[in-house]
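When you get a sec, could you build the whole thing from the sequences and use the hints?
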Amino acid sequence: MPDGDMAGLLSDGQLDALSGAWNLLPTYLTPHIVLCATALTLGLVISLPLAALITDRPWLRRLVLAFASLIQTIPGLALLALFYPLLLALSALAASFLGFSIPALGFLPTLLALTLYAILPILRNGVVGLNGIDSAVVEAAEGVGMTPWQILMRVRAPLATPVIMAGVRTATVWTIGAATLSTPVGQTSLGNYIFTGLQTENWVSVAFGCVAAAGLALVADLFLGLVETGASERNRKRVVVGIAGLALGTLAGLAPLFSARAVTYTIGAKSFSEQYILADLIGDRLRADGVGVTRKDGLGSSIAFRALAHNDIDAYVDYSGTLWRNVMGRTDTPSREVMLREIAGWMKAKYGVTVLGALGFENAYVLAMKGERARTLNITSIADLARVAPELTIGDDLEFLGRPEWTSLKSVYGLSFKRRRSFNPTMMYHAIETGEADVISAYSSDGRIAALDLIALADPKHAIPSYDALILIAPRRAADKRLKRALAPLIGAIPIEAMRHANLMVDRDIDKASPEEAARALAKAVHLQPR
Amino acid sequence: MTTLPMADSSVSAPRIEIDAVSKSFDGGRSFAVSNVSFDVKQGSLVALVGGSGSGKTTLLKTINRLVEPDAGEIRIDGAPVGEAEPPMLRRSIGYVFQGIGLFPHMRVAENIAVTLRLLGWQTNDIEARVTEMLEMVDLPRDYARRFPHMLSGGQRQRVGVARAIAARPRIVLMDEPFGALDPVTRDNLGSSYRALHEKLGMTTLMVTHDIQEAALMADRIVVMKDGHILANETPHTLMRGSDDADVAALMEVPRRQAERLSALMTESRPVDA
Ligand SMILES: Nc1ncnc2c1ncn2[C@@H]1O[C@H](COP(=O)(O)OP(=O)(O)OP(=O)(O)O)[C@@H](O)[C@H]1O
Ligand SMILES: [Mg+2]
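Chains as they are written, first to last, in my numbering: chain A, 3 to 533; chain B, -1 to 271.
I should point out that these hints are in silico values taken from the structure, not numbers from a laboratory. Mixed in with the good hints, there may be bad ones.
To be verified - Calculated from the model, a selection of chain A residues having no Cβ within reach of chain B, i.e. all distances over 12 Å: (1) 55; (2) 135; (3) 250; (4) 388.
Stated by the list, open to error - Computed, partial: chain B to chain A, Cβ under 8 Å: (5) 95; (6) 101; (7) 102; (8) 145.
Unchecked claim - Just some of the chain B residues that point at chain A, by a computed CB distance under 8 Å: (9) 62; (10) 64; (11) 85; (12) 86; (13) 89; (14) 99; (15) 112; (16) 116; (17) 119; (18) 122.
These numbers were taken from a predicted model, which means no experiment stands behind them. Note that CB positions come from ideal geometry on N, CA and C, so glycine has one too.
What follows is the structure, encoded as structure tokens:
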């Protein structure tokens, strides 16, 4: 190891990593506990009545237990991933009926998968426990005049409790372990230590995450063990201590949530990576300021602004060109400064919406070429491109060549290409690499521009309006100093390269990061100080 | 829905009519109880005796509907039990299980009080009644807090009897209630039960393997074999002999024992001296 004198077991770097990991504990532990506690509660609420219902019906019992075992054979990560397409479909359905889409990533799929996982051992032990009761005892219960419900509640359930509790313990340990797998589907958990650690080769972080998850499981199991032995030995004190321990532990883990309860802001995001990253960036800053944050994700482009104007969301990022054309209905293309000024005034006057400012980068339609080829052909702008375009092939993403931006480019620069080809977005980038296309349409903040060594050609005649990323604030928060103070440092702070890099982290095929991680990396890269 | 009134010495005890009852557990190939008819008269204590597997338990359970007969009918004071709600019917009938059937997760007090709770008794009344019952079956008061697994077999059996009679039922069905008791306790408990039976005006049907006990406690003895009734007589009549060889053999047992015992007592005297 070149640097860091070995002080004891850990190097300085590792000690830094350790204290970094320690500081993140509340951030990761709280959602982990929320997730597990919710999943287990749901699991209990579903499986106990189900166990009681099917225990006297042998056919149903076999069927349900077989299904539950089937779920168990699916590895946790696969199960989480399976929920993604399912929720996407649901999301699309909901979007067309309700206008809002259900997030296909994050809490919901994780909760569903973990609940399914928690159901299995509780259900199985519930059925085994309820079935395993001496038939003579059940007959005695009938004999003294209990109704079937009374027999269940006063005799069968208490006698089955030790077996059921054993199932609950298994479910708890599984759930706490499996919840670490929720990080790749966008749910923060102790798994964030493990997955980011693996990505950045920060082994201290990986170990910390494993130990934290194991510790949480051990503590939960300890208290559940008290409940279990207390129940089987009819020792009420133990049961009470166990339940109280669980409740207090859960509350302690949730404490950060309650302290943040006072004010809660809702941040909106349209349905692409950059929006998620920026919403996370905004959310992180607000959280660091001690306020609560909720999210409305996957908003349709036109819905997002409406939601803000109606105070359904408190803040989100939109693009000047989009607002200009789609919301304000303008067709002219003034200079960037004029546009920003007019948008701000118009928004305030018409809707009471505050434009806090521009983040510092644009996400515009651009034409991009391989850097090397552009240099060979001596092209830096679209005006240069127009000279050689008749010799070249343009590739688009199935959309651009049908948009007004293209019409405008064609007429302003007199562009005409030898060939036009359409690809899906991934294939389009592939095509420019292999030379199947010489020029492609792209978004200026797409990380693949830098990754593939492409250059975005300048638009000196302003044929396409600028698409500055702007932070918009809802009318009801117009006078909210705290919100403005928390977000002000973001204004002008994000250069295009940083945004591209963050987008790339999320969009690339290998070594993907979650938007949340990308947001943290972005904050670090642009030196945003946590407050 | 018929709810039978609880025992009250001022009301006359109920009558049980068993009318042509049959029960098969194998779809009619064999019968555990086959066309059995007899009455348990108001306030009488009837002993049901017979070999193992002769259908005694099955018959007893048809009375409180733990077993539904395939044919025939049982009436209590003329009302068919088939028309009563089983839980209500069972709360009004004390039942001592052959296998005792205490609830392992309940303390002795809770076991004794279980029917009282179902009937909605007040906590104070329940406590007083539990204490009374423990006294009646001759168990120390502090046993109330024990769990069944902390009791001996005979003690458990006594808790079973206490549970059956705690709610002052007017009908008590007992399936070998004193089988696991030592002779002294057995005799005591038998006598005090008989006294209670008189005092409260109950009607009791009791299964026992002990002919001597049957003869000493019961008003009538019903003898069963292979689901049929062989005899239904007073102990006095039966002890004088029977035409039926099986019944005669059964009744021979206590008489022969009595003879041997008295012989033993007279013969042994010289040895002692
Ligand atoms: N639930 C049942 N299913 C099938 N057969 C049964 C059932 N209960 C009782 N039997 C059968 O019915 C017959 C009568 O049984 P029962 O329990 O009434 O006998 P018993 O006279 O009480 O005998 P014991 O003196 O041994 O207790 C037996 O042959 C028994 O095997
Ligand atoms: Mg029997």
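Note to self: Hints numbered earlier in the text: which of these fail when held up against the supplied structure?
What the structure shows: Violated hints: 2, 17, 18; rest satisfied.
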